[in-house]
Each structure stands twice: as structure tokens, then as C-alpha cells.
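Student: Chain residues, written in single-letter form:
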Amino acid sequence: MIENLRLRAAQNLGPLLAFGLFVLLYCFYSVLHPKGFTVDLFVQNSNETLTLVLLGMAQTLPVLLAGIDLSVGPLMTLVDSIASEVVHGSPAEIVFGILLCVFCGLVGGAINGIIVVYGRLQPIVVTLATGAVFSGIALFIRPTPGGEVDGDLSWVATNALSELPATYGWWGGNPPAWFNAISGIPMPIVLLVAVVVFIWLPFKNSETGRAVYAVGSNEAAAYMSGVRVNRAKLAAYTLGGVFAGLAGLYFAVQTGSGNADPIQAGTYTLNSIAAVVIGGTSMLGGSGGAIATIFGVFVLRSITFCFRVVDSDSAIGFLANPLLQPMFEGIILLLAVCIGAARVFRVKNRLNLFQ
Amino acid sequence: MAMAENPISTAIRSIDRPVLFAAAFIVVILIVGTAYTLITQGNAALLSPTYLLLQLKVSAFLGIVAAGAMLVILLGHIDLSVPWTIAASAMLATAWGGAGAIPVGLLVGLGVGVFNGLGVAFLRIPSMIFTLGVNVVLRGFMVMLTGGFSPSSEPTDLMLLLAKGDVLGIPIPVIIWAVVGIAVSFMLRRTPLGRYMYAIGNREGAVYLSGINTRLVLVAAFAMCSMLAALAGLLIAGYSSKAFQAMGDPYLLPSIAAVVIGGTNILGGSGKLSGTVMGTILIVLLQSVLSVMQMPEAGRQIIYGIVIIAMLLAYGRGSRLRL
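Residue numbers (my numbering), protein chains in the order written: chain A, 201 to 555; chain B, 33 to 355.
It is possible that part of the hints are untrue.
Partner residues are not named here, just some residues of chain B that face chain A (Cβ under 8 Å, in silico) [to be verified]:
(1) M160
(2) D189
(3) G237
(4) G301
(5) K304
(6) V324
(7) M325
(8) M327
(9) G337
(10) G348
Negatives, chain B to chain A, calculated, CB over 10 Å [as the list claims (entries may be wrong)]:
(11) T66
(12) G132
(13) I157
(14) G165
(15) G201
Simulated coverage check for chain A against chain B, where a stretch passes if three residues somewhere in it have a Cβ under 8 Å from a Cβ of chain B [unchecked claim]:
(16) 245-256
(17) 378-388
(18) 473-486
(19) 531-539
By construction, these hints were calculated from the structure, which means they are not laboratory data. Keep in mind it's a predicted model, so treat the numbers as computed, not measured. All C-beta atoms, glycine included, are put in the ideal place defined by N, C-alpha and C.
In isolation and in its complexed conformation, chain A is listed as follows (with noise of 0.2 Å):
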């Protein structure tokens, strides 16, 4: 048992430590803010983070492969930009129109899968490649940034709970006593919760997602050793699509409106990744995973937070310096992927080190 556990914990180094990392720069965080461990305060920051989460989530799945994902930005812009023209009227429409955006997503990911799997060209280019038409297709969409999403659905989906029954009028304006014991979490939570039980976890522990680590440590031997290479494959990309529409339609709920600025998208992209390396997924391939990814962003998102609150009178009052955060932000970044440098040190082998 004792023994299972140290393995289960060398295995998940990395996450562990992205999950030690986020907990003392949030209760940093906390601590010194005025409104912290106040569930105002949890509420504004989980709207600030999901989005980044669920296109982390998206950019996790190539990964695994040992391939990446340059189109995850573009793809959360696109379906942004649908979005903010399908997502209001009346609530079947609503209906609709989430789900056409995540089949959007679906799509999307399915057209890189294809390519990737069926042309066996380099996912590096087919996604800068596809990135660029998905971009173009948000900018016919959305040539200025504005439209429409529902204002009962935005308000729901970026406070706590309680505000469901409230808004929609469940049980008459008096919830029962379990609701109420749940009423604080924060909706960005709940709907991440969702995502992580229902389709991350089932995924991962079906045959498909096995599928995906094997291809993702070696393909070769997952080949001969009977694994579906192909549809392991095509079905991480198009998960990757889905969850990139998942994150531009939060996108779209949370700000009420689409924007299909491309460099907007491209920032997105370029975090994406960093918070897949800072949550411990291999870039090699065939470790880590979607649960890793949140941490890696809950950790990039609290160092931005931390700025905030830093005292400009004290020791570090620096830190609170506006001109000079960019920079810091680019150290700490720099400084947790050197963390991955460790193995330098204590390989035997050096030519284990040319992979």
C-alpha cells in the first residue's frame, strides 16, 4: 500500500508540485487581499481562470501524443465568434446554439486529427496551418469585435451557485438546505468539475485513452503491441477540439460578447503550452494529463494575482511595480521549466540525453 503510493507519487512528481506551488502563491494571495477566502473573491478569480483551463485541457491532448497544438487559440476564437451569434432567443435556441459550438470544436479538432493522421504530416505545421483558416473563418464571422450571447446564462455562468435557482426560478425563490450548503462554490467550479468527471476521466480510463499514453511513449511499440495508433490519435485531437470549443464558448458567455482578434489568439495558444509544461506533462510525450494542466494554469493565473496585492511599501514593493511585472511573470515562467532541467544532474547515461 505504503509502496503503491511512493510510486503513484514519483509518477506524479511534477503535477504534485505544481499543486504545492498553487496553494502557497494563492494562500499568499489570499492572505494579503483585502476580500480573500471570501466567495466574491473565489468567484472573480475562477471567471478569470476557466477559460485558460479548458484551452490548456485542449492543448494536453497533442501533447500526450509528443505532438502539439499551434490552432487551440484560433479554434476558442472561432467558436468565440460563432458563439456570439447563436448563443441568445429563446431557450431552445440557447440550446442549440451551445451545442453547435461545441460540435464546432468537435469539428475542428477532428479536421487537425484527419490531417495529421491521413496526410502524416507534422502536427507543428498542420496546426499553424489550420490555425490560420480557423482564424480567417472568426474574422468573416466577427469582423469587429461585438454580438450577443444570453445575459441570464452570463450571469449564471460566471457567479456562485446560488445564482442558478435564483435567475431561472427554481423552487420558488427557497431552495432546500443541500442547496444551500453548496450554494457558494463558484459556477466556472462546478462546470469544471463537469468537464474533469464526464468526459475527461471516462476518456481517460477507456481503451482509447490508454490508447493515447502508449502512442505518446512510444509509437512504435504501441503499434506492435496491437494498439489502434490511428484512432487513439484522431480521437485526442478531436477531444482537444472539443475542449477548445468548450473554452470559446465560456469565453463568449463570460464577456458577453465574440472578438476574433487574432493575436488575442494567439497569446491564448502560447499560454496554452505554458501551462501544460508548468503542470507536468511531458512534451516528449506519454506522462502527465488534463488534471496536471489545471494546476499548471491555477499556478500561472495566481502569480498574476500575486502582483496584485504585493505591497509597494515593503521589502518586495518592486514586485508591485507595474513596468516591471511582464518581466517577473517571464523569470517565474523561465525559472519552472528550468525546474525540468533536474534530470540533467541526475542522468547516468549522457546519451540518454539526446531524445
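With the hints as your guide, set chain B onto chain A.
Tutor: Relative to chain A, chain B alone:
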């Protein structure tokens, strides 16, 4: 009796397929564009020497960046710090001013490149991640330097001359691009360093076992890549008469696209500079002709993406997994 080998077909066969495909596609772009201008305006403005020379001049900036990117890609790595290497070198050079501007800009490039190389070669951090981090740090560094006050962003006279002048009707950036191209090509084909680069791209472990210090080769490649990006930054600042923060952003992805369209394997180990040059011209010309045809930005992006995939499907496919 065997037919004597036709000299023309021999010459064609010695050019590799990516270059041939890219050249053919460039001709197609020109034909379509000319047909469009003939119908709408009644002239063949796209075939005029002025237009073609201007396109060559614009290509020179991207071409210099792409030549550097290719060196790193040949090793199986990638440099994502190019955008802010371009911007940082140009901004620091213009802030320095005077005769020292150009050396300062190039030194910035050298510094960034060596730093990238050390991280990738000695710490063995995946280049995609490390250079991404360096890009963010450079951006933060420049925000710190230029946020509180604004140093001069005016290029020096020499930078203006290099970017805008011409010799015997040929723009100077094109001449610089040609010199860079010949130098890089010579280095890749005729020097041991160039051969090591191809070898490392194929299997670094084997090169290491042959007694070559592969880490120094990696550092050298990253240094050359960043110095070429810095050189391009100086020229772009001269061309647009200003050094500004976002000036490097439009060069990262097109330079990678130019390299892979030119037939360089993104995993490293094979590729020719001639291909990268053709890829650069193709991308610049495609964007330019589409804007002449008044295609909106959205349509240009879509066509650009489809062209990259179509070109690669034609000749860049990997081998099927067989054991």
C-alpha cells in the same frame, strides 16, 4: 543505343521537388494575379519590374529571418523567441543611436541566441518551451526599459540607407539577403559546422559518439538564428522608419511556414536554403497578390493556411509506420 542525357532534364532533376513546386506555384500566383488586373484594370501591373522588385525587397526581411529559423529547425529544434529578438534589437539599437546602433542591435541578437543555446544544449529544456519563456522575458524587459520613458525610436541614417537605398536599381535589403543566403548556404554545404548540423538533426547521439561537441553546435546555431533575426529587426526598423513593440510578431509563423514549404523537415536533418528562399518569396507574393485582388484579411488567412497544407501534402508527407 542509349539516348544522350538531355541537359535540360538533368538540370531539372538536380533541383529538388519543393523548389520546383514552389516555383511553379509562384508562376501560378503571378498568372492569376495578372489575369485579374488585365480584366479589372486593363494592365499587367504585377509583371512590372517595379512591383517585382518591391516584392523582393519585402521578401528580404522575412527571408533573413527564415534563413536563421532554418538553421535551428535543421537541428530538430525551433526558436519561438524570434518576435521579441527582432523588436528588442531594433528598439535598443535606435535607443543607442549613432554609429554604435547596428553593432548594439547585433550584439543583442548574439546575447539572446547564446542564452537560448545554453538553455537548450546544456539544460536540455525542450527548445519550444525555453525560447517561448525567453520571448516573454524579452518582452517584459523591453516594457521595463521603454515603459517609464520613451527612448528614441528613430533609426539612424545608416539603418535608413540599408533598408531603403538601392545600388544600380537593386534594393540594398535584397543584396543583404543574397549575401546572407550565400554565406548560410556555404556554411551548410562546405564547412564541418554545416555538416554537423545536418547530422545532429538526424541523430544527435550518434554525432556525440563520433567525438563532436554537439552542445557547442547547438549554441552556434541558436546564436546565428538570433543574430539574423536581429539583423532583420534593424532593417525592418529602417524600412518602417520606426522601432516599435509589435514589429516582430508578423514574422514568427510565416518564417516557419517558409522553411517547411521550402522542403525542410520540421523534425530536422534535411532541407536546403534554396527551398527556404522560394518558400519566402511564395508567401510574400501570395499575400501581396491577394491584397491586390482586394481579398479581405479573413480570406487571405484562409487561403494562406490551405496553401501551406496543400503544398506539404504534395511533397512533405512522412512515411507510413511499418515494422
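Student: Each hint should be assessed against the structure and marked as holding or not.
Tutor: Results for each hint:
no.: 1; hint: M160; result: 7 Å, holds
no.: 2; hint: D189; result: 31 Å, violated
no.: 3; hint: G237; result: 4 Å, holds
no.: 4; hint: G301; result: 13 Å, violated
no.: 5; hint: K304; result: 17 Å, violated
no.: 6; hint: V324; result: 18 Å, violated
no.: 7; hint: M325; result: 15 Å, violated
no.: 8; hint: M327; result: 10 Å, violated
no.: 9; hint: G337; result: 4 Å, holds
no.: 10; hint: G348; result: 6 Å, holds
no.: 11; hint: T66; result: 25 Å, holds
no.: 12; hint: G132; result: 24 Å, holds
no.: 13; hint: I157; result: 6 Å, violated
no.: 14; hint: G165; result: 4 Å, violated
no.: 15; hint: G201; result: 35 Å, holds
no.: 16; hint: 245-256; result: violated (count 0)
no.: 17; hint: 378-388; result: violated (count 0)
no.: 18; hint: 473-486; result: holds (count 5)
no.: 19; hint: 531-539; result: holds (count 5)
Violated hints, listed in ascending order, are 2, 4, 5, 6, 7, 8, 13, 14, 16 and 17; each of the other numbered hints is respected by the structure.
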